[in-house]
Amino acid sequence: MTIAGPPEARPADGLAIDFVVESDRAQLGEIVRRVRDGRVRTNIGNVATLDDAVGAFNPTERVTGKTIIRVRP
Amino acid sequence: MKAIVVTDQAAGTAGMTLVERPEPEAAGNDVLVEVHASGFTPGELTWPSNWADRLGRDRTPSIPGHELAGVVSALGYGTAGLSVGQRVFGLTDWTRDGTLAEYTAVEARNLAPLPGDVDFTVGASLPISGLTAWQGLFEHGRLRAGQSVLVHGAAGGVGSMVTQLAREAGATSSAPDELPTGRPRSTSARRSSSTSRTTPWRMSAESIWCSMSSAETSRSGPRVWFGPEERW
Chain Y
1 MTIAGPPEAR
11 PADGLAIDFV
21 VESDRAQLGE
31 IVRRVRDGRV
41 RTNIGNVATL
51 DDAVGAFNPT
61 ERVTGKTIIR
71 VRP
Chain P
1001 MKAIVVTDQA
1011 AGTAGMTLVE
1021 RPEPEAAGND
1031 VLVEVHASGF
1041 TPGELTWPSN
1051 WADRLGRDRT
1061 PSIPGHELAG
1071 VVSALGYGTA
1081 GLSVGQRVFG
1091 LTDWTRDGTL
1101 AEYTAVEARN
1111 LAPLPGDVDF
1121 TVGASLPISG
1131 LTAWQGLFEH
1141 GRLRAGQSVL
1151 VHGAAGGVGS
1161 MVTQLAREAG
1171 ATSSAPDELP
1181 TGRPRSTSAR
1191 RSSSTSRTTP
1201 WRMSAESIWC
1211 SMSSAETSRS
1221 GPRVWFGPEE
1231 RW
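So the protein sequences, as listed, match chains Y and P.
Residue numbers for the first sequence, in the numbering used here: 1 to 73.
Residue numbers for the second sequence, in the numbering used here: 1001 to 1232.
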């Protein structure tokens, strides 16, 4: 996901937009508001500690959902 | 402090090591954040920003991970808008040391307040997928109610966020049966996809292609198009 560079080919009758995602306080606020009221859900697949992070990012089996490192308990 | 670092681009995630690093200091307009939860996308290890700063200087060993949720522990000179002790989340600068660490220094403008009832792990999972979907749909795609959005990788991080935000905005989202690469969609993606429908790929005028992968081929579809990665 994100920022992999421009597409190798462009659509013949369309517009290709290549963009780098940037942080934006107002947009983050809109997103978290939707999470609080249930309009948007996130899919966390695995939560690991910082001590176990290297293993969590090199899984031996496919993990569905996002891996999050819980740095402080 | 404890931190994950990488030094060898060719090694990928296998090159990650847990080390002891000095705590960063908050520069002007920065805050120092006590990291509670961190998110990382494997793609960032292939991006030049992970290995060199904006002047092209080697910045290894670098700390990857650029999503975070945590608590502000110090303010840099001139920093406004956030206070010590405040819960925050956000996306940090790609060319600076990141969030797989106990502390990270971040420009205050890159952070937003994290409400007290939203868990740190949830906060750290939102910035890349949420902001990419938001900016693709509304800033670059100029999405309006009634339009259609074709979402490849609808079960992935960005794709699922695109689907949810597009639906709420009054647009119809669909996931194609086959990727433009000719690769059929995985059954897990089909099962967990929350798109309104699946549809064969169709040509239409005025399509906007929001590129998120270099693996795409030249096809055009509905007005807003999201790339095919299903990776989290």
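For the record, the hints were derived by calculation from the structure and aren't laboratory data.
It is possible that some hints are incorrect.
[Said to hold, decoys possible] Interface residues of chain Y toward chain P, partial, derived using beta-carbon atoms under 8 Å: (1) V32; (2) V35; (3) R36; (4) V40; (5) V47; (6) L50; (7) A53; (8) V54; (9) N58; (10) T60; (11) I69; (12) R72.
[What the hints assert, rightly or not] With the Cβ distance kept under 10 Å, some of the chain P side facing chain Y (calculated, not the full set): (13) T1092; (14) T1099; (15) L1126; (16) G1146; (17) E1168; (18) T1172.
All C-beta atoms, glycine included, are put in the ideal place defined by N, C-alpha and C.
Verification of the hints:
{"no.": "1", "hint": "V32", "verdict": "holds, 6 Å"}
{"no.": "2", "hint": "V35", "verdict": "holds, 6 Å"}
{"no.": "3", "hint": "R36", "verdict": "holds, 6 Å"}
{"no.": "4", "hint": "V40", "verdict": "holds, 5 Å"}
{"no.": "5", "hint": "V47", "verdict": "holds, 6 Å"}
{"no.": "6", "hint": "L50", "verdict": "holds, 6 Å"}
{"no.": "7", "hint": "A53", "verdict": "holds, 6 Å"}
{"no.": "8", "hint": "V54", "verdict": "holds, 5 Å"}
{"no.": "9", "hint": "N58", "verdict": "holds, 5 Å"}
{"no.": "10", "hint": "T60", "verdict": "violated, 12 Å"}
{"no.": "11", "hint": "I69", "verdict": "holds, 4 Å"}
{"no.": "12", "hint": "R72", "verdict": "holds, 5 Å"}
{"no.": "13", "hint": "T1092", "verdict": "holds, 7 Å"}
{"no.": "14", "hint": "T1099", "verdict": "holds, 8 Å"}
{"no.": "15", "hint": "L1126", "verdict": "holds, 6 Å"}
{"no.": "16", "hint": "G1146", "verdict": "violated, 18 Å"}
{"no.": "17", "hint": "E1168", "verdict": "holds, 6 Å"}
{"no.": "18", "hint": "T1172", "verdict": "violated, 17 Å"}
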